[in-house]
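Residue numbers (the numbering used here), protein chains in the order written: chain Z, 1 to 365; chain R, 1 to 311; chain A, 1 to 505.
For the record, the hints were derived by calculation from the structure and aren't laboratory data. Relax, there's no trap hidden among the hints.
Stretches of chain R that chain Z covers, calculated by requiring three or more beta carbons in the stretch to come under 8 Å of a beta carbon on chain Z:
1) 88-94
2) 98-106
3) 109-116
4) 233-242
5) 275-285
Below, computed lysine-lysine pairings styled on DSBU-like, alpha-carbon distance capped at 30 Å:
6) A:LYS3 / A:LYS129
7) Z:LYS351 / A:LYS219
8) Z:LYS243 / A:LYS267
As the structure is a prediction and not an experimental result, all values here were calculated from the model. For glycine and all other residues, C-beta sits at the position ideal for the given N, C-alpha and C.
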Amino acid sequence: MNKVINKVLFNVTILLFAFLVALILGSVILLIAGVNPLFAYKAMIINPIFSVYGLSEAVVRAIPLMLVGIGISIAFRSKMINIGAEGQLQLGAVAGGAMALAFAGAPKIILIPLTLLAGFMAGGLWGGIAGWLKAKLSVNEVLSTVMLNYIAFQIYLYLIRGPLIDPAELAYGTGVPQTQRMPDSALFDRLILGQRIHSGIFVAILIAILVYYLLWKTSFGFRLRAVGEEPKAAKYAGIKVNKYLVLAMILSGGLAGIAGSVEVIGVHHRVLEGLSANYGFTGIVVALFGSLHPIGVIPASFFFGLLLIGAEMMQRAVDIPSAIVISIQGLVILSVVSSNIILRNPAYRKKFEKLIFNKKLLFWR
Amino acid sequence: MTMASYFQIITNMLAVAVALSAPYIFAAIGEMFSQKSGVLNLGVEGIMMLGAFTAFYFSWAYDNILLGIVMAMVVGILMGLLMAIVSITLKADQGISGIGVYMLGWGIASTLFRLFIGGVQSISGLQDLQIPILGQIPYLGKILFQHNIMVYLALLLVPASWYILYKTPWGLKVRAVGTTPRAADTMGINVIKTRYQCVIIGSMLAGLGGAFLSVAQANMFANDLIAGRGFIAIALVYFGRWEPLGVLKGALLFSLANAFQRWFQISGISFPYEITVVFPYVLIIVVLAFSYKKFSEPTALTVPYDREFKG
Amino acid sequence: MNKILSLEMVNITKRFPGVIANQDVNIKVNAGEVMALLGENGAGKTTLMNILYGLYNPNEGDILINGKKVKIRSPQNALDLGIGMVHQHFMLVPSLTVTENVALGINFKNKFKMDLKVVADKIKKLGEKNNLNVDPNAYISQLSVGEQQRVEIIKALYHGANFLVLDEPTAALTPQETDQLIKWIREIIKDDMGVIFISHKLKEVTEVSDKVEVLRDGKNVFSVQTNKTNVDELAREMAGRDIELPTVDKKNEFGDVVLKVEDVWAKSDKGTDALKGISLALKKGEILGIAGVSGNGQKELAEVITGFRKVNKGKINFKDENIVNKSIQYIIDQGLGFIPEDRLHMGTVPGFKVKENLILKDYLKYPFCKNFILKPKYIESYCKTTVDEYDIKCPNINTPTHALSGGNIQKLILSRELKRNPVALVASYPIRGVDIGAIEYIHEKLLEARNNDVGILLITEELEELLNLSDRIAVIYEGKILDILEADKATKSKLGLLMAGVKEG
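The following block holds chain Z by itself, in its conformation from the complex:
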């Protein structure tokens, strides 16, 4: 047990250090943009913690991030780099929304699972296509998922502009591309009056625990991890490698799809433009920060949920385009993958453990 704690402590320390490096590099961009980095970062990291609104909104953002991040972790664990969560999420949102509208009369206990299932299936289909292309035709999954993102985006737009558009929009001639409001029986409950935080958070955490169990405690997970760690050995053990690549991508895309439908029935209550809010890409950062571990993704998603709302608050405080967050996330990705050179080296970990262990001894004295 002690060893596990030491390992986690080591990983967290290195990751936070990597994050700090990214922030320092990011301050260069802020300086070019003519903003005081210290002021900006204070608005971004400190301000949201001290308001109910900030905390609630952080959780609102953490929910889709968590789901997407878990999905991406599953894909990465089986060595599939899934960059397509953005598209998978959008299709999940539109499929979930369509389902909720189609069965509007059903009771909550049925309608919510049905909606999430529709999201899972749409996202899973989209992820599965990339998995199948990789397994059968060895198409690089990074490229295929990126292309599928563009295609999904057009399908999404087409559906909410055309077949699924709110009839009221057509009647009034406003033509805002969005669906009707979801029926009440499809909605997640709001947890705090006047805030958007909703009960979807429990679903997300539950899924994280389930996925952890699936990956490490079942034969299915054993196979999936074996395929990711070393496909040759997995094949040697009789595992159908291609099948598990596709399954991993279906699961990965499916979770992004659930994230999409959760956004619809938890936050926006409609399917509308801009709903995906780059969660598909931020989810990659969250997955990396969570060490590609479903349980690690939980704190990581809260952390990045906080950063995202922080960035919005910063945007209002110092008037800087929110796209800057994307560039800072890019820096975070770069510094986190670079820090792997330290994380993977057992010598560094030993040194660190020694340090911690010695401190503990002092403490006990």
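Go by the hints and put chains R and A onto chain Z.
Then chains R and A, alone, in the frame of chain Z:
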């Protein structure tokens, strides 16, 4: 319609295709160098975005297109250096670090665009340069010899890169480093240095490709200017089997399809808009699915080199 | 460039994370002599030579040439000093021609052009002069192992090497080719060439060298003039104790045929025919050795039997059922064990814990797993017993497998395959790169399985191993079985001729 007008349409389409292919050629030839040396740079899209913005900004603010193009190359070099440090020296997973570079480039370009330019602005852009005599050849002159100078540069880049790869000592090094880095190392070749050079050259060309889009094609900048062209360029490297001529073929074929799609949209034939927009992306997936991958891929692609690694 | 009259490595120490590969190692070689560097796998020979060649930087120690200290920080330095090295795994670029491979190391004056014709001519001349003929325009991927070795030597000579390091040069050669190489080495040292010859094969060491330096656990343990020692003494010094490798005891009664390969055709990874109508039959309780120069279809043979490779034509009967193109899982379930050639990446999942690799083929079965849920308690206790039983040395069963030594990984694989009570076992190169203690253990276990009526197909390049263990020896040549010999009638020279494709009578 008469025969002549059909020829006219086809000639126009081919001419447009040649012009459209230039940014792909820049970016894909650059990426080819990077991959030949063993580094998969997935950040091309972001580098093109940043290159496009930089070129546009300097052309717009200083009214100097050449300065803009040069600055786009400089920015490309810097981004390449970053990618190289992370992927070669720090041995990060290239599939992920490239996405980091992409987001970084995209984010910076979008931010600075909002801050420094604000909204839609346009510039006059590079003018077409009709080559005397050759430009007068019927049909062919229109297709090949009435473009701006960067198109000619892109077309020249293909034989030039072929010569460099197959006829110079440096090209020989690049080919060795991307397949069997350890063998190259034992022959006294600096694997790390060669890879740095290739990644940086590749990014510089990606910056140039981005610059082409903003100052020689669209004559403006917008957040969706690149629209996946960087990723498509990477796909074209696979399609072209890591050969300059193959890359050229892919770029032309793809641009022709694009030119056709444009013509289709304005031809008045009624067809869902979304499907025509999606067409190039579907085409790329199909191309990737059916291009022949075995045996030509640089075998050390995405594998960081570690001299003291005990495998 | 000066001629190397003497080369010394003094007090060399090299540490890797967690291991000391060399500790205060000293060697000295003069021009005109061959020094054999002898030691088991993992004794530190290759590390020492990689330091000499500038691939590794030593933590301590110096290299002296003609008595003067030199700094070798990269292979370029070594080349400049006149040191040439032929690595165990050839350092050639398969997609380039012989000429291009040689040209890689040339510092061309003109950066924009290279005259490969001049290089090709010089290669031809060097080849004729030194009796090393190769076609300069051939692609490396088309050449045989022996030819590739010649390219490696030519490469070194082209770049002015007057001191050669040959790392396990005979590993992939037939006995006849080995004899030729030894003769060649004795010839070139007459021109004042110094040679370091690395090997763990004692007989060739005594034939080729003037003096022997034995390394064990990264330290010098013995140095001697070759004419003052013998094979037995060297073996003892190398292992640090008396080693008597077990040998098979003759028996006349075997069980029924359990595995029958009939006229099987299959393609290699490159798409060429690797197996061209191969046929053989393995009986219960028999070890059938497969001898052959590597690359003659051994890898493909093991893979078609175990279901990894598609069979284009022919039949493979296992327990009287045709298993051609059946799934790997199905073949495993029928009781066919497999010790694969690529131990770390195929036999185990390197990132998995020892316990996960021990159940790599059983995780689905009760009591390891019930209703798709793994049973950690049973798995733990099972694995703890297995690790003790098979003497697998690891800190604990939760250690990642890649942290284990080659010998212990092989024991892990062996234990997993044997504990499943196989009907037959395909063992590919079971002792490649394994230290002698583990070899002894693995051989004992294989013989024990044979005596328990398991049929074993033993694929290896070590003739010693074949002669010690096999009941019969089949020689594979260009994808076919050229001949099958009873073990007691097989000799090294007979096998050697067959391996070269020569069938008498």
